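**Student:** The residues making up each chain are set out below.
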Amino acid sequence: MVAGLQQLIRSRHLIAVLTARDLKARYRGSVLGFFWSLANPLLLLGVYTFVFTVIWPRPGDTGAYPLFLFAGILPWTFFAGAVMESTTSISSNAGLVKKVLFPAEALPLVVVASHLVHFALALPILLLAVAVAALMGKVTVTWFILLAPVYMLVQTAFVAGIALAVSSASVLFRDLRDLVSNILQLGFFLTPILYPVGGEIVPEWLRGPLRLNPMTPFVVAYQSIFVFGTLPSLLDTILMILYATLALLAGFFVFDRLRDTLAEVL
Amino acid sequence: MSRQFAISVRNASKSYRLYGRGSQFQTLKSALLKREIRPSAEGSVDALREVTFDVNRGEAFGLIGRNGSGKSTLLKLISGIIRPTEGEVLVDGRISALIELGAGFHPEITGRENIFINGIMMGLTRREIEERFDRIVEFAGIGPFLDQPVKTYSSGMYVRLGFAVAVHVDPDILLIDEVLAVGDEEFSQKCVAKIQEMKYRGVTLLVVTHQLDLVRTLCDRALWLEKGEMAALGDPVRVVDAYLQEVAGVRARVEEAEEDEEDESGDSEEPAEEERWGSGELVLTRVALTDHQGRELVALGAGTPVAVEMDVDVREPQNDFVFGVGIFRSDGTNIYGTNTDIEGFLSRRIDGPSRVRFVIPSLDLIGGNYRVDAAVHTRNGRAFDYRRGAIRFVVGSRTHDTGVYRPAHQWEFSGAIVINPMDDIHRNVPSPIAETMQDLDAEAMRRAGEKKKKPKK
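Here the protein sequences come in this chain order: G and H. 3 is the number of the first residue of the first sequence in the numbering used here; add one for each residue after it. 1339 is the number of the first residue of the second sequence in the numbering used here; add one for each residue after it.
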């Protein structure tokens, strides 16, 4: 992994440049450009608020539910989007891997970086929503909110590890793409995004197993600082770091083993 | 520490596995567990078998062979894209690969941005790209399109830009895979000129191409791969010819050099013996340098009218034949080369003994040792009879001018200048060189006379 990180540092310019390229290319030719990155979460927030306060108010809800939902969905989208796109990151750039001497690990990492940028661009909207909710007296804002960049960093390491493993393995094993897509769909409901992990909704016996889902501590951490104004529990903090480390180790391990065969199999 | 070679391929083999249905999961598992993928039940294909050669620093090395003979695999091994199954490939220096031009371009963003991204992919820093930026743009000739998305480029512009970035990386080693065939004639020539310039600057070149003429003219050595194995390695003209023979399905019938062909210039820097090969349907029985009266020459003064005479014997009548002549300095520099095809002669038929004369009204060379190659071959280059070093001759000179070519010239002076021609007296005193010249001329006459007396076999 140390060698992998060194390689990563060597290709940081490449990753930065390719990420910028992807983002530019994505919005080139569209009139609103980067505004679309803001518009999508804004729209999402609006819809949630409308649905869960006007159409179907949750019993016993203080009015913070849309915010809760939003705080959980953003990190999930970062994770799921990056992992899903990384399954095709290498095969859709086969030309680079086969024809140019090119560090292939840059490809999934570029995907992760560009999804991270989108996540970061949605944060101002989340902060705005938090501010509005705070003014309406629905949530309390604490300094813990400043921990968000730290959690994002840890989560990025986690996502990068998964993306490395999935991107290289799916070149050899095409079925992985469908497998990943289904797991992610299922995972959305197995992660406490729609429901709080701590409330009465989740049965006691399920709370432990739910923490085995590596995305749980991350989602819980964002919900804690943005919505509840608390720190995540020590257990969740340890789990986050553990999952991120394991994911990175596994990612580099798998990628290293498969690296030499990528150019042949593509 | 710098080594002698730029590329060293040692006993390298490469086999590709064949993937069948259902074997992929097995493959993934074993790949993760054993770090290498063992050939599965479906077996494997040997793309390269025990290939060994070195490419020296600054050498231009050609790689030829049929499609599927392993050329591209070898190039990928050298570039580090794939690794050999057995053996090793050592590379010393920065590599730039012209394998697929513009492979890293993104169609949606501008040429300017793509130059930067492509350069960074090839290992340049942003600063290095900025330094080279103007040269790249100028070479690619994309001018007004620089700030347009690459998707609006014509395929020619796309390739030009790709080539321009790749050659401006300033590599120590340049790998070229069949990319010179793309683009229009003008750009193709520009590419070849650029590659020649790089060769001159000491860049090591490895060229994979089906343009055999390019291998012959550009490369110092060539390797012919056949079904992943080395079929021939060495002099490019010879290797290309052996390859063409094989492609034509003709066994090369290389004849022994004629034994009465002795080398006249003892201080020649290359092998003095004539080399000769070809399939033998047409045979050059006699190749000689003659003066305007048809006398054979081995030594001459600058500006002498001469002719290269070739007597042809026909074993099988042909209608596709080209006569070629090349003049080389003793260090191997090609002074001039041409053939009847280049100059627009269309061969119709040759049925019996014939004579071909290549007449030079004034051979304007400076003093030195020279050789002449003469050949008769088909239009696509397959040799009937190729005689390298068929003639060796010496040009004597009274002046010590330098270079390879002495254009007809004179000096003119006007204005406030005093400069006099040397005294006639001085000029008439025979210099040592002039004496040598006369001796050589006499020697040439004598030998030419002797040869004529020799009974022909």
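Be a bit skeptical, because a hint or two may be false.
Cut-off 20 Å, straight-line C-alpha distance, at most; resulting in silico cross-link-like pairs (EDC-like, lysine to aspartate or glutamate) [unchecked claim]: (1) Lys101(G) - Asp1551(H); (2) Lys1532(H) - Asp1522(H); (3) Lys1565(H) - Glu266(G); (4) Lys1537(H) - Asp1551(H); (5) Lys101(G) - Asp1508(H); (6) Lys101(G) - Glu1516(H).
Everything labelled a hint here was simulated from the structure, so no lab data went into it. The model shown is predicted, which means the values in this text are computed figures rather than measured ones.
**Student:** Going through the earlier hints one by one, which of them does the structure break, listed in rising order?
**Tutor:** When the structure is compared with the hints, only number 1 turns out to be violated.
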